[in-house]
Structures are given as structure tokens and as C-alpha cells.
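J.: Top to bottom, those sequences are chains A and B.
Take the first sequence: its position 4, counted from the start at 1, is 4 in this note's numbering, and no numbers get skipped.
Take the second sequence: its position 152, counted from the start at 1, is 152 in this note's numbering, and no numbers get skipped.
Simulated from the structure, these hints should not be mistaken for laboratory data.
Hints should not be assumed to be uniformly reliable.
Identical copies look the same in the list; a pair holds intra-copy or inter-copy alike.
[Stated by the list, open to error] Within a straight-line C-alpha distance of at most 27 Å, the following computed DSSO-like cross-link-like pairs (lysine-lysine) qualify:
hint : residue 1 : residue 2
1    : Lys281    : Lys188
2    : Lys75     : Lys276
3    : Lys142    : Lys23
4    : Lys192    : Lys75
5    : Lys20     : Lys199
6    : Lys75     : Lys298
7    : Lys166    : Lys139
8    : Lys113    : Lys250
9    : Lys306    : Lys65
Number of protein chains: 2
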Amino acid sequence: MSLLIVGTVAFDKIETPFGKTEKILGGAGTYIGIASSYFTDQMNMISVIGEDFPQKYRDILKDHKINTEGIQEVKGGKTFFWEGKYHTDMNSRDTLTTELNVLADFDPIVPEKYQDCDFLMLGNLAPAVQSKVLDQLRKRPKLVVMDTMDFWMDIAWDALVDTIGKVDVLTINDEEARQMSGEYSLVKAARKILTMGPKYLIIKKGEHGALLFDKESNCFFAPAMPLEDVFDPTGAGDTFAGGFIGYLAKTNDLSFDNMKRAIIYGSALASLTVEKFGTEKISYLTQDELNHRIESFKSLVEVDVKLLD
Amino acid sequence: MSLLIVGTVAFDKIETPFGKTEKILGGAGTYIGIASSYFTDQMNMISVIGEDFPQKYRDILKDHKINTEGIQEVKGGKTFFWEGKYHTDMNSRDTLTTELNVLADFDPIVPEKYQDCDFLMLGNLAPAVQSKVLDQLRKRPKLVVMDTMDFWMDIAWDALVDTIGKVDVLTINDEEARQMSGEYSLVKAARKILTMGPKYLIIKKGEHGALLFDKESNCFFAPAMPLEDVFDPTGAGDTFAGGFIGYLAKTNDLSFDNMKRAIIYGSALASLTVEKFGTEKISYLTQDELNHRIESFKSLVEVDVKLLD
Numbered sequence: 001m002s003l004l005i006v007g008t009v010a011f012d013k014i015e016t017p018f019g020k021t022e023k024i025l026g027g028a029g030t031y032i033g034i035a036s037s038y039f040t041d042q043m044n045m046i047s048v049i050g051e052d053f054p055q056k057y058r059d060i061l062k063d064h065k066i067n068t069e070g071i072q073e074v075k076g077g078k079t080f081f082w083e084g085k086y087h088t089d090m091n092s093r094d095t096l097t098t099e100l101n102v103l104a105d106f107d108p109i110v111p112e113k114y115q116d117c118d119f120l121m122l123g124n125l126a127p128a129v130q131s132k133v134l135d136q137l138r139k140r141p142k143l144v145v146m147d148t149m150d151f152w153m154d155i156a157w158d159a160l161v162d163t164i165g166k167v168d169v170l171t172i173n174d175e176e177a178r179q180m181s182g183e184y185s186l187v188k189a190a191r192k193i194l195t196m197g198p199k200y201l202i203i204k205k206g207e208h209g210a211l212l213f214d215k216e217s218n219c220f221f222a223p224a225m226p227l228e229d230v231f232d233p234t235g236a237g238d239t240f241a242g243g244f245i246g247y248l249a250k251t252n253d254l255s256f257d258n259m260k261r262a263i264i265y266g267s268a269l270a271s272l273t274v275e276k277f278g279t280e281k282i283s284y285l286t287q288d289e290l291n292h293r294i295e296s297f298k299s300l301v302e303v304d305v306k307l308l309d
Numbered sequence: 001m002s003l004l005i006v007g008t009v010a011f012d013k014i015e016t017p018f019g020k021t022e023k024i025l026g027g028a029g030t031y032i033g034i035a036s037s038y039f040t041d042q043m044n045m046i047s048v049i050g051e052d053f054p055q056k057y058r059d060i061l062k063d064h065k066i067n068t069e070g071i072q073e074v075k076g077g078k079t080f081f082w083e084g085k086y087h088t089d090m091n092s093r094d095t096l097t098t099e100l101n102v103l104a105d106f107d108p109i110v111p112e113k114y115q116d117c118d119f120l121m122l123g124n125l126a127p128a129v130q131s132k133v134l135d136q137l138r139k140r141p142k143l144v145v146m147d148t149m150d151f152w153m154d155i156a157w158d159a160l161v162d163t164i165g166k167v168d169v170l171t172i173n174d175e176e177a178r179q180m181s182g183e184y185s186l187v188k189a190a191r192k193i194l195t196m197g198p199k200y201l202i203i204k205k206g207e208h209g210a211l212l213f214d215k216e217s218n219c220f221f222a223p224a225m226p227l228e229d230v231f232d233p234t235g236a237g238d239t240f241a242g243g244f245i246g247y248l249a250k251t252n253d254l255s256f257d258n259m260k261r262a263i264i265y266g267s268a269l270a271s272l273t274v275e276k277f278g279t280e281k282i283s284y285l286t287q288d289e290l291n292h293r294i295e296s297f298k299s300l301v302e303v304d305v306k307l308l309d
């Protein structure tokens, strides 16, 4: 099934307790595209870059069979840049620099060839921009997944609510779910958020895993893989989203049971991403490496629970 | 299989965002005993209480078929008392009062009838006291599980290391595992702690679940049940331990696969404990209530992961 991805393609500069990088390839769209490439080769990307975006990074996207026709290049413009520093626990970080650059005036245009997409992944962006893509599609995709963050709750609440109302799956982190719903309990938060439109809610808890809720009060939990070292958490959530929707696009099965599997695949890919800086680890995985990690996840979660009489 | 439990029997006074209690029944031994009573009726308890311990609380222990012969009553003494207040997030609490009372001079004596125990649960106590029980047993139990906390790392490190060296399963929380090992990564922390003696390590992560590690690098994760409300977290860890060892005592199977099941049972019981104050919820559960919660856990964690080709 074909997958349309909307998300940033960016430069990141990252410092963690393990070291620091120069400007490297980053952005939600990048991580989503690379992660989903392990499941489908029909990926169309919508994004925006500046003239400073180097050929070697374009090549990484092309190596993953990502159609880049919908990535606008702004003449004389500079690519979106984020710089951040992680604390020792890797759960918190300081943003040192955010230069929106070409992202500030991003007006997404869906190329004609992208019209017939089956799955749509709206990476974290201004909700009005996310909506603009969805509204340009003449045929609604089978599944629309949306990622967002607290920033948009603070500055664009109405647009956020409007966009959330149009999607099938919303992914946010635990603190954002609490902020969005005003409920501390994630069960109550999920119930409230699911009245806003989405059929499914995924609450990402970082190193503590992810929860999937549906409107029928089904709930599934997938842990994060306990790792020797989390080297760089950047892109973990986007990789998760890309693996999740990529697996669904490949299997074309939107049952709750298959969504559980998609979450395991997303979690497995995210656990690989964080083992190196940026996209370094996730860029060129072998099928064996991915299968090996999936096997590790199976043994981490599989248990044959028996009821006592 | 018979189970010997060593742990405090105490008074707790608890305040949470949902309300507060007077002095109520508490103590690690109490929670462990009540939780394990859903699996075995051969429970022998070693503890100490004061003359102020009321008959109604003795009756609760007796109702659960706990043999209280090994609970010493100190004439004129007062029962151990703890008072605490939980913050809104329920993950942190302030201790307002700790009165050791009769616990200060507790010298555990194993009654002759307790000698032949198959399973031993050493609830959180001074490690020297835990050792004293183990050392009095003429025949080593099939399985010794030990719970401890950071307090003993700070004031009784050598005794703690000595006791840990004698047990089969150690249970501690994530921050304590980090403190004990000097490693931030829980994978690395587990590996180090497992060189100290235990064959298995359970790292409790509160609302984020629990991890089981063995020396062969097997790892299993069980989530905590997402709940509408966590009403009072007091005793959750002890309930978990009691459910864990109770399930093992009933099934008499010490394989890694069965330990996984025991962790699910421990987690299920812990998730019930926190739904009311103190031992209120856990004291009189029906088999149906427990089975219902186990079914909820099954659907929370079960996933049929398939490898892609």
C-alpha cells in the first residue's frame, strides 16, 4: 500500500553524555520515511528544504526509495535547524537553537502523483499545515495517523482540535496526553481524547514504552527495549511512528490485533535508532538486524498467562 | 508448598490526593501475607508487634490462614508506625513520621514448626535481620526472595551485600538498582547486581511496570495496569512480591517462563491494592475479581508478533 508522509526534513545538532555531532540529517519526515522504508517501497514525501540541503542527504532519502518530488526546495532558503542537548537521564533535553528558516512559510502542496495514497502519516508540524495536506486529498486515505506535541497546544489549540478531529490515530506523549485532557490518569486522558475524533490513541512514554487505546476501552501496552545504552534519543518517536504506519501499510490490516504488532515493530525500530547518533543506525539496517530485534521484543513481552481455578 | 514470610506488621497513616486515613493496618509482611494467601494456605509469618496491636487486625491475618505463631508480641511495646503523604503524581511521597518502636530491637526467632519451609520471602527489613532468619533454617528453602530498599544501602551496605549473596531473587526499584550498581542503564545495572549472588533480579518501576532479569541475559517486562485512578500506592511493591512468591509456591515451578507468569500475578494483585486505601481492596478479593484482573492483564500484554520475510 502506498504511504504519504508529511514531515520536516532538517538539520540537527545534538549533544548527549556520549558525545556531540555537527549538523547532521534530521527531521520527523526523515525518520518516518527511513523507518517505513523497511516495510514498503511506495513512499511519497511532502516537506520543505533550503538550498543548503546537501546531495548526500538527498541520496539517503533516495536510497530508501522515498519519492522526494513533494519536497519543495526554497531558492536561497535555509533548511530547518534544531540544536539540543540531552541530560544524563536522556529523558529531558534543552533546546539550544531552533531556526525555522524555510519551515516558517511552508505551504504544502500535494503533487498529482501523490493523490492516490492509501496511508497518510502527518508528522509533527503546525496543525494547520497538517490539515492542508489532508484537505487537498480528493480521496480520503484508509488510515490517517497524526503526531503532534505540546507546543501546538500552547499556540494553536483551535487548529489542533480541528486537525485531530479528522484523523484516525493520534500519537502523543504521556505529559501531552495529560495536558490535552486535563486528566492525570492516562486511562481517563485517553477516554477524553478519543471523544475528540480519533479512533485510536497511542500514548508514547519514551523509555517506559507505549500504550494503545481504542474507543471500546481496549488497551495494549508495549515496553521500550531495555538497552545497554541509549546513545541519542533524537527521532525515536518519529521512527516509532514510521515503523507503526509502515507495518500497517505493508500488512493492510487495520484490526486492533494488527495495530499491536505494528506497535511492536515501531518500538523495535525506535530501539535501534537510539543506539547511534541521528539516523546513523536506522539508515542501513539489514533484515536480519531488524528480525533479531523483533525476536528480542517477542521474548521481552511474551508470556503464557494461565488462570488458576 | 509452604511459604515463610518475614516482614513488618505495622500501623500506617496515609494521605493521598483522594483523602486520608487514621492508623490502619500496614506493613510489608501484612501485604505479602494477604497477597500470597490467594495462592497457598501454608503461610507462616515472622514479625513483631506491640501490645497495642488490635484483635481486629489479628483477625484479618487469621482470615487469610496466616500462621501468626512467629509474630512476637512485645509486652508494653508499641507497634511500628509509618505516616506518609503522597504527592499528586503518586510517584513520590513524604514520610511524615517513622516510629520504629518494637521493630528497633526485633530479634527474629524461627519457630520449630516453621523449619520445613519450601519458599522464603524476606520482606524489606534490616539485612542483618533478614539474614538471621535464613541462617536459622536447617534446610535451605527451594527459593529465597528478598526485597530491600535504598535506606539499607546508605546505612548497612556490608550486611546488605552479605544477605544479597545468599538469596535467589532480589527485588528492588529502578532508582535503587541504579544506586546499588552505579550504572544508569538498567541492563548494565542488572548484570552487575546479578554478580552479587542472586540468580534473578526484579526491577520494580512502579506505574511503569517491572523487569525480570536472569544471569543468562534473559529479560521479561510486565507493565503496570493502566488504572482509572491510583488511590493509594502503599503496599503495591509488597503485594507484588507476595503475589509473585505465592504463585511460585502454588505452582512449584521455578522456570523462567513460570516466573514471568508469577510477575503477571504479582502485578495484577498490586494493581488491585492501589485501588483503595491500605489493605482494604486486597483483603477480601473473590477469585472472580482476581481472574478478571488477570484477564485484563492478558489482553494488555498479549500480542502475536510475526516476523516479516
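J.: If you check each hint against the structure, which ones fail?
T.: Hints 2, 3, 4, 5, 6 are the ones this structure does not satisfy, whereas the remaining hints hold.
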